[in-house]
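Q: Given only the sequences and the hints, what does the whole structure look like? Please build it.
Protein sequence lines, in the order shown, are assigned to chains A and B. Take the first sequence: its letters are residues 271 to 745, numbered as in our numbering. Take the second sequence: its letters are residues 271 to 745, numbered as in our numbering.
The reader is advised that the hints may include incorrect statements.
Which copy is meant is left open, so a pair is good if it fits within one copy or across any two.
Here are the simulated EDC-like pairs of lysine to aspartate or glutamate, each with C-alpha atoms no more than 20 Å apart in a straight line [said to hold, decoys possible]:
1. K363 with E388
2. K674 with E642
3. K423 with D665
4. K558 with D596
5. K703 with D692
6. K699 with D557
7. K525 with D613
Keep in mind the hints are simulated off the structure, nothing from the lab.
2 protein chains.
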Amino acid sequence: MTTQLKNFFNAKSFCVIGASTTPNKPGNVIAYNFVHTFPGKTFLVNPRGGELHGQKLYKSVFEIEEKIDAACLVVPAKYATQALEDSGKKGIKNIIITTGGFSEIGEEGVLLQQQMSEIMKKYEMNVIGPNCLGLFSPELGIDTMFLPGTKLKRPESGPVSIFTQSGAFGAAFIDQLSRLGSAKWVSKFISYGNASDINETDSLEYVGNDSDTKMIIIYLEDFKNGRSFMQKAREISLKKPIMGIKANRTETGAKAGASHTAALSSNDAIVDDLLSDAGIIRVTTWDKLKDCVLVFGTQPLPLGDRIAIITDGGGAGVMASDMVSDCNLKLAEFSPIIQKNLDETFPSFYATGNPIDLTGSAVAEDYRIALEAAYEDPNVDSIVNLCIPVIPDLDINEFIQITKDIAKRKEKPFVTALVGGDEAVYGTKELMKDDIPVFPSPGRAVRALGMLTDYVKYLKKHGIDPRKVSMGEGK
Amino acid sequence: MTTQLKNFFNAKSFCVIGASTTPNKPGNVIAYNFVHTFPGKTFLVNPRGGELHGQKLYKSVFEIEEKIDAACLVVPAKYATQALEDSGKKGIKNIIITTGGFSEIGEEGVLLQQQMSEIMKKYEMNVIGPNCLGLFSPELGIDTMFLPGTKLKRPESGPVSIFTQSGAFGAAFIDQLSRLGSAKWVSKFISYGNASDINETDSLEYVGNDSDTKMIIIYLEDFKNGRSFMQKAREISLKKPIMGIKANRTETGAKAGASHTAALSSNDAIVDDLLSDAGIIRVTTWDKLKDCVLVFGTQPLPLGDRIAIITDGGGAGVMASDMVSDCNLKLAEFSPIIQKNLDETFPSFYATGNPIDLTGSAVAEDYRIALEAAYEDPNVDSIVNLCIPVIPDLDINEFIQITKDIAKRKEKPFVTALVGGDEAVYGTKELMKDDIPVFPSPGRAVRALGMLTDYVKYLKKHGIDPRKVSMGEGK
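A: This is how it looks when you write it as structure tokens:
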């Protein structure tokens with residue numbers, strides 16, 4: 271199965287069938303993408319012939335003499351069976367069909383999709399789609415996303431692979447990653463739509479075995495084959511984290527889903543158990559998913575569940591500590607020698623326990639002292655750096671520099687929350703340029719560490735040393 | 271009790287005791303604030319005399335001949351008892367003590383605070399603090415927040431009153447409101463710190479009776495008097511919504527809190543019941559609190575729990591629908607006539623049920639048609655406007671204009687989620703300029719309506735017609 275997707279990502283030649291001369295139409299955008307980013311050979315097909323993006327438009331695939339490894343079909347649904355048949359005859363074994371108008375629109379479309387399936391079988395083709403965005407890999411220069419760059423910005427190459435049942439989810443998420451920090455996030459993106467052939471299990475297997483993929487993000491509404499998916503996930507989650515959204519959690523959601531990728535909700539409590547058993551970190555909200563990318567994509571795994579919190583606001587420390595409990599984490603107890611140093615270094619009105627509360631009197635240098643102490647303490651597994659920058663003597667630029675210095679070490683998970691207005695937003699932007707994870711609230715920073723730590727607990731339960739799992743921290 | 275805080279907010283003269291000539295020191299900032307924003311008479315006191323911000327520095331309160339309604343004490347803790355005694359002798363009845371170094375720092379501070387309490391009693395003073403930010407009201411020109419405007423931006427006048435046990439929480443929240451939409455949010459802000467006299471119940475009573483306050487935000491870690499607070503809340507929550515954070519939910523949080531405002535955690539499940547019984551909308555995260563301000567501060571109350579969702583992405587519709595269930599809301603069933611119109615107007619591949627899925631083929635005008643239909647349908651109580659702007663034919667500026675047109679009506683709660691990258695961020699900024707609530711994910715938009723609807727259910731349970739409760743929609 272894994273070979274199917276390999277055929278696409280390893281293709282040396284790609285053919286765009288339905289290349290369009292109308293600007294911004296899907297067939298125009300995909301042709302543009304291949305002409306401009308694909309390092310292999312690109313062929314464009316349009317029955318009217320002519321030229322597009324400086325390349326010849328073949329009137330049919332049969333005009334092309336060379337062997338074609340893969341094709342993207344961008345023709346309307348009614349012409350799709352013929353185009354697929356032609357591709358089969360031409361010997362193209364790997365086809366992406368982005369067009370919609372199949373099983374997702376009801377009876378008529380279901381019938382059409384069945385006809386397509388028969389052709390696929392006859393010619394032993396691998397098919398992605400229909401009704402999908404297809405594939406995207408910035409490193410390999412493969413991009414069948416039919417939305418122009420002016421609409422959908424492309425992120426750069428990085429550790430995260432994504433596969434999604436919903437193309438719209440995929441597009442929106444890719445768009446978000448394009449403005450998250452350095453934008454260097456994506457390894458492989460797979461949108462398989464109606465999954466007439468290649469499905470969630472194939473996608474999981476491929477990215478699971480892909481050495482450039484350090485973490486896997488999924489969006490599913492249902493399973494084509496739940497059993498094989500869970501089995502595969504159990505293997506892969508011991509090597510790299512899998513996280514994401516399984517929507518259709520509720521009857522209401524299922525009702526909404528029925529009209530779009532023809533998905534049926536199952537008993538969600540069972541799904542929840544199965545996902546957790548397979549080591550998949552399930553999130554239910556978009557915010558959490560973005561937070562996942564930020565920590566799993568930049569931080570090493572912690573070795574345990576002991577958290578140190580450094581703050582300049584007692585209230586923020588309390589909120590963070592509440593979340594420590596909610597996430598089944600512990601507040602670390604500092605080693606005696608570290609504790610003694612903190613007690614002796616800081617004025618008596620600072621709270622030097624955990625959370626370390628530097629109070630509204632804090633200067634940036636206090637953060638350096640506290641953060642370094644926490645970093646050096648073997649009793650601390652992860653560190654939360656909370657700052658409300660409005661306090662009078664805190665220089666935000668010094669705080670940024672100190673945070674950068676600590677973040678560089680990458681020996682322990684280290685997250686920052688900047689809470690407030692202009693200075694908080696400024697600091698966040700500056701730190702995020704270097705992909706240093708910054709959250710807008712104490713709770714979200716702690717929760718991100720909670721997700722990392724949950725994954726470590728899962729690994730340990732299965733006898734895996736978390737130090738052997740490397741994620742995005744090397745990027 | 272309510273008269274106590276009235277005395278401060280109605281004060282015609284304010285004295286800053288401990289006015290400092292050192293730039294950016296608390297005593298300097300507070301003096302600056304009063305000189306520049308307070309419409310009444312301001313007196314500045316510093317034992318060295320001289321001049322500050324163009325005003326005379328009195329060497330002591332006794333040098334001032336006029337009657338003084340209220341004072342802000344910004345002297346170090348060790349001089350505070352003397353300053354309070356002097357204020358008492360001078361006949362100042364209303365004192366804000368912003369300085370820290372009292373019960374929050376342990377035994378020595380507890381003793382000091384007791385001495386202060388005796389002086390307060392002797393002179394029958396009303397005291398806010400110590401260890402607090404004190405008061406802020408943009409409309410009344412009262413501002414004892416000792417952080418300079420370069421650090422802590424001030425929001426403008428609006429419907430929201432806030433009281434907080436944690437000064438840091440208050441400062442960070444005020445700072446956030448200063449860059450939320452139009453920044454026109456705050457009516458009264460009360461930070462009472464150690465609550466040696468005026469506490470959470472006094473604050474609640476004051477803002478509850480204040481006609482400019484349309485909604486109340488609270489941050490509490492413990493209660494000085496839980497019973498009277500809940501009793502007061504039960505009355506007020508029938509007139510205007512109260513929402514906020516009761517931190518110290520967990521033992522870990524309580525441990526963190528102990529070192530800061532000397533708060534003790536109680537059994538949180540009981541607290542949860544009591545808050546809910548008193549009609550207080552409890553939120554546990556910062557994000558939710560900001561979302562509360564956005565909906566309660568701009569939208570009318572819904573008359574029921576029936577939600578319409580309009581989307582251009584099936585996946586977003588499914589996630590929103592899942593949240594509809596999570597929040598105990600219902601997907602509205604459109605009236606036959608509205609449904610018929612939708613079916614006839616839109617192409618057959620749009621899903622015209624609820625959610626209305628305009629698909630990736632949507633143009634902005636489709637949104638207008640769908641939104642107007644939902645708005646006009648008596649079966650719809652609230653509307654969620656979801657957009658993933660990357661789709662090829664959607665003009666973001668047209669979408670913004672259509673959203674603005676619908677948002678103006680203010681007859682039904684109407685929330686928008688813009689999900690994606692550059693265009694989503696641009697659209698959010700443009701709409702938020704007019705305080706039109708936009709969320710970054712489908713779930714958060716629905717959840718915001720869930721909170722509004724929960725409040726309506728509470729009102730109805732107590733026989734109150736939600737149409738009689740006006741909030742921030744008139745701003």
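Q: First find the shortest C-alpha distance between K423 and D665 inside one copy, then the shortest across copies, and answer within, between, both or neither for a cut-off of 20 Å.
A: This pair counts as between: shortest inter-copy Cα distance 16 Å, intra-copy 34 Å.
Q: As a check of your reading, is K703 near D692 (CA-CA no more than 20 Å) within one copy, between copies, both or neither?
A: Answer is both; intra-copy 17 Å and inter-copy 16 Å each pass.
Q: My question is about K363 and E388: at a cut-off of 20 Å on alpha-carbon distance, are they close within one copy, between copies, both, or neither?
A: The answer is within: 14 Å in one copy meets 20 Å, while 89 Å across copies does not.
Q: What label fits K699 with D557 when the C-alpha limit is 20 Å: within, between, both, or neither?
A: both (17 Å within a copy, 18 Å between copies)
Q: For K558 and D596, with the copy left unspecified, which applies at a CA distance of at most 20 Å: within, between, both, or neither?
A: both (15 Å within a copy, 16 Å between copies)
Q: Between the shortest in-copy and the shortest cross-copy C-alpha distance, which are at most 20 Å for K525 and D613: within, between, both, or neither?
A: between (59 Å within a copy, 18 Å between copies)
Q: For the identical chains here, do K674 and E642 meet the 20 Å Cα criterion within one copy, between copies, both, or neither?
A: within (12 Å within a copy, 49 Å between copies)
The structure is consistent with each of the numbered hints, conforming to all of them.
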